[in-house]
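Numbering (our numbering), first residue to last: 14 to 312.
Rather than coming from a laboratory, the hints here were simulated on the basis of the structure. Among the hints, a few may not be true.
Computed Cβ-Cβ distance ranges for the label pairs, DEER-style [what the hints assert, rightly or not]: (1) Pro237 / Val275: 19 to 29 Å; (2) His169 / Gly115: 21 to 31 Å; (3) Asp117 / Gly156: 50 to 60 Å; (4) His214 / Thr184: 20 to 30 Å; (5) Thr167 / Gly132: 21 to 31 Å; (6) Gln262 / His214: 16 to 26 Å.
Don't be surprised by glycine CBs; every beta carbon is placed ideally from N, CA and C.
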Amino acid sequence: MPAALGSHRMPYPLPVPGAPLRVAFVGPGATFSAHALHEAASGVQPRFLDVRAGADPRSVRALLADAAPHVVIALGLESLPPAALEGVRAAVLAVVASDVPGPDPRTVDRVLRTPGPGGEPRWRSRPLPVDDRIFAPVRPAGGTPRALCIGRSTEHREWVLTPAKHTHDVTHYAHGLTDMAFSDAMAAADIGIALHPGPVHGFPSQAPLHLAAGHLLLSERLAPACGLEAGIDFLEIDSRDALVALLTQLGWRPESFERVRVRGRLKAEAHRASRVWPRIMHDLLRDLAVFGTARTLHG
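I would like the entire structure built from these sequences, with the hints used as guidance.
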């Protein structure tokens with residue numbers, strides 16, 4: 014750990030020199046496991062705790078006591094049980110969507126928001142990183158391409174996908190994919206479809222997942238684009254008819270847009286979990302050492 018972290022303003026214990034920084038990722042696995050760090054990297058020793066809505070706060074605190082983390086990454090803070098992090102003597106970074114009301118600053122140390130609409134306060138804003146295990150090389154195109162859409166079912170998503178489902182090989186997983194089931198689904202697809210939950214544009218967290226897996230990404234307009242360029246890194250769709258037309262073209266010529274697929278895969282490296290999460294954690298601790306925290310510990 015950097016020497017600067019020895020500041021008297023650091024409110025939490027840190028590892029001794031040479032020891033790893035223990036980090037606990039806490040959140041529902043079906044939603045966030047694909048965005049966490051699962052293997053040690055850059056001096057960080059991660060552990061993922063699958064905590065779902067409705068969990069007993071006492072059981073969550075027991076899991077955290079066993080993990081003894083120096084940093085807690087609360088993935089989807091709004092889905093965690095209230096009071097689950099009370100009394101946890103570790104830096105807490107809350108990860109929330111761009112338009113979700115901000116947490117009480119007395120309960121977390123900093124807030125990271127995903128890109129999109131909304132002007133809520135934040136310490137950082139970026140797309141969710143991608144688990145290193147999802148990354149795969151771009152496979153040679155061949156045969157009828159298979160398309161995959163991941164994300165909860167909404168009226169908008171179903172409206173866009175329905176015509177494509179009727180005419181092409183399109184699979185939509187709305188929930189429940191974790192671990193090997195998720196990996197198998199990603200490995201079986203050639204095309205990734207990223208759709209916004211509703212008509213308001215943002216940056217769907219599924220977009221980097223598809224790019225990392227080597228898929229050709231078909232996405233609605235990204236706002237913000239977060240460095241991705243339409244027509245170069247992914248193909249933009251502005252209607253459900255445009256989605257059907259692209260899938261039809263790819264059915265005739267699966268090798269179409271191979272350069273786009275390769276460019277998109279290269280851009281995904283900017284979101285590799287083993288590179289992004291250690292940097293965020295070290296920045297968090299440096300920030301706490303300099304500016305302290307408004308968080309109040311109970312228990």
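Checked hints:
no.: 1; hint: Pro237 / Val275: 19 to 29 Å; result: 23 Å, holds
no.: 2; hint: His169 / Gly115: 21 to 31 Å; result: 25 Å, holds
no.: 3; hint: Asp117 / Gly156: 50 to 60 Å; result: 53 Å, holds
no.: 4; hint: His214 / Thr184: 20 to 30 Å; result: 24 Å, holds
no.: 5; hint: Thr167 / Gly132: 21 to 31 Å; result: 23 Å, holds
no.: 6; hint: Gln262 / His214: 16 to 26 Å; result: 24 Å, holds
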